Amino acid sequence: DTEVTQTPKHLVMGMTNKKSLKCEQHMGHRAMYWYKQKAKKPPELMFVYSYEKLSINESVPSRFSPECPNSSLLNLHLHALQPEDSALYLCASSQAASGGVRDTQYFGPGTRLTVL
Amino acid sequence: AQSVTQPDIHITVSEGASLELRCNYSYGATPYLFWYVQSPGQGLQLLLKYFSGDTLVQGIKGFEAEFKRSQSSFNLRKPSVHWSDAAEYFCAVVPPNAGKSTFGDGTTLTVKP
Numbered sequence: 057d058t059e060v061t062q063t064p065k066h067l068v069m070g071m072t073n074k075k076s077l078k079c080e081q082h083m084g085h086r087a088m089y090w091y092k093q094k095a096k097k098p099p100e101l102m103f104v105y106s107y108e109k110l111s112i113n114e115s116v117p118s119r120f121s122p123e124c125p126n127s128s129l130l131n132l133h134l135h136a137l138q139p140e141d142s143a144l145y146l147c148a149s150s151q152a153a154s155g156g157v158r159d160t161q162y163f164g165p166g167t168r169l170t171v172l
Numbered sequence: 036a037q038s039v040t041q042p043d044i045h046i047t048v049s050e051g052a053s054l055e056l057r058c059n060y061s062y063g064a065t066p067y068l069f070w071y072v073q074s075p076g077q078g079l080q081l082l083l084k085y086f087s088g089d090t091l092v093q094g095i096k097g098f099e100a101e102f103k104r105s106q107s108s109f110n111l112r113k114p115s116v117h118w119s120d121a122a123e124y125f126c127a128v129v130p131p132n133a134g135k136s137t138f139g140d141g142t143t144l145t146v147k148p
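If you read the sequences in order, they're chains A and B. Per my numbering, residue 57 is the first one in the first sequence, and the count goes up by one each step. Per my numbering, residue 36 is the first one in the second sequence, and the count goes up by one each step.
Because the hints were derived from the structure by calculation, they are not lab data. Only a predicted model underlies this, so the values are computations on that prediction, with no experimental measurement involved. One or more hints might be untrue.
Said to hold, decoys possible - Here are the simulated distance ranges between beta carbons:
hint, chain 1, residue 1, chain 2, residue 2, range
1, A, R119, B, I44, 38 to 46 Å
2, B, I44, A, E100, 12 to 20 Å
3, B, T40, A, M71, 31 to 39 Å
4, B, S61, A, E100, 18 to 26 Å
5, B, R112, A, S128, 30 to 38 Å
6, B, T143, A, G84, 48 to 56 Å
7, A, T72, B, T90, 36 to 44 Å
Said to hold, decoys possible - Some residues of chain A that are not near chain B, with every Cβ distance over 10 Å (derived):
hint, residue
8, M69
9, G70
10, K78
11, L110
12, T170
Using N, Cα and C, we set each Cβ at its ideal position, and we do this for glycine too.
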């Protein structure tokens with residue numbers, strides 16, 4: 057099973073709302089990632105969790121707050137977003153995040169976020 | 036500076052024709068190399084990867100890629116394209132000991148009937 061699931065598939069929120077994106081994997085992977093992808097652009101790395109600890113934060117604004125409750129789950133809490141934050145948010149997981157052979161990432165289908 | 040380049044923004048091929056998508060990287064050491072495909076509104080699907088060993092790697096959906104160290108390239112090929120191959124293709128690299136991927140800007144593939 058190489059599946060990463062993400063919920064919801066679509067989300068529309070106002071700039072004052074608080075919402076969360078959820079990602080789940082049951083492959084026993086110990087690294088999980090959040091990416092943001094704008095149309096016709098490559099994914100941009102936001103956060104990396106390794107063994108449930110935040111290991112990389114790519115200078116993401118604090119209105120995005122990641123959380124890794126356990127090794128299978130990854131959340132992204134959203135608050136006071138801007139219209140320019142509208143994008144496809146992708147979650148991925150890998151066995152490790154150490155720059156080695158176990159870094160092969162498997163992606164979820166994404167959450168299409170629209171901020172009004 | 037370290038970088039990944041996909042020189043072709045958009046490629047159009049006829050169904051049944053062969054395909055080659057280019058990827059070049061610039062790193063001090065040979066990174067780990069990946070090709071992903073993304074259909075509109077979907078996540079990224081791993082096509083194939085290269086870590087070491089045989090420089091010609093086979094992937095899913097009939098794709099293959101060849102690593103050429105002398106040219107710092109990892110080009111993706113398919114001998115006969117199907118209409119369902121129309122999608123965005125991303126090359127990605129993970130430098131040794133880096134822990135995160137760098138993606139190329141992508142190549143959009145259009146398949147003509």
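So, going through the hints one by one against the coordinates:
1. A:R119 <-> B:I44: 38 to 46 Å: Violated - the Cβ-Cβ distance for R119 of chain A and I44 of chain B, about 32 Å, lies outside 38 to 46 Å.
2. B:I44 <-> A:E100: 12 to 20 Å: holds (18 Å)
3. B:T40 <-> A:M71: 31 to 39 Å: Holds, since T40 of chain B and M71 of chain A (Cβ atoms, about 37 Å apart) stay within the stated range.
4. B:S61 <-> A:E100: 18 to 26 Å: holds (19 Å)
5. B:R112 <-> A:S128: 30 to 38 Å: holds (36 Å)
6. B:T143 <-> A:G84: 48 to 56 Å: Because 35 Å falls outside the window, the suggested range is violated.
7. A:T72 <-> B:T90: 36 to 44 Å: violated (54 Å)
8. M69: Fine: 19 Å to the nearest Cβ keeps M69 of chain A off the interface.
9. G70: holds (23 Å)
10. K78: holds (15 Å)
11. L110: It holds; L110 of chain A is separated from chain B by about 12 Å at its closest Cβ, greater than 10 Å.
12. T170: holds (13 Å)
Consistency with the previously given hints fails for numbers 1, 6 and 7, ordered from lowest to highest.
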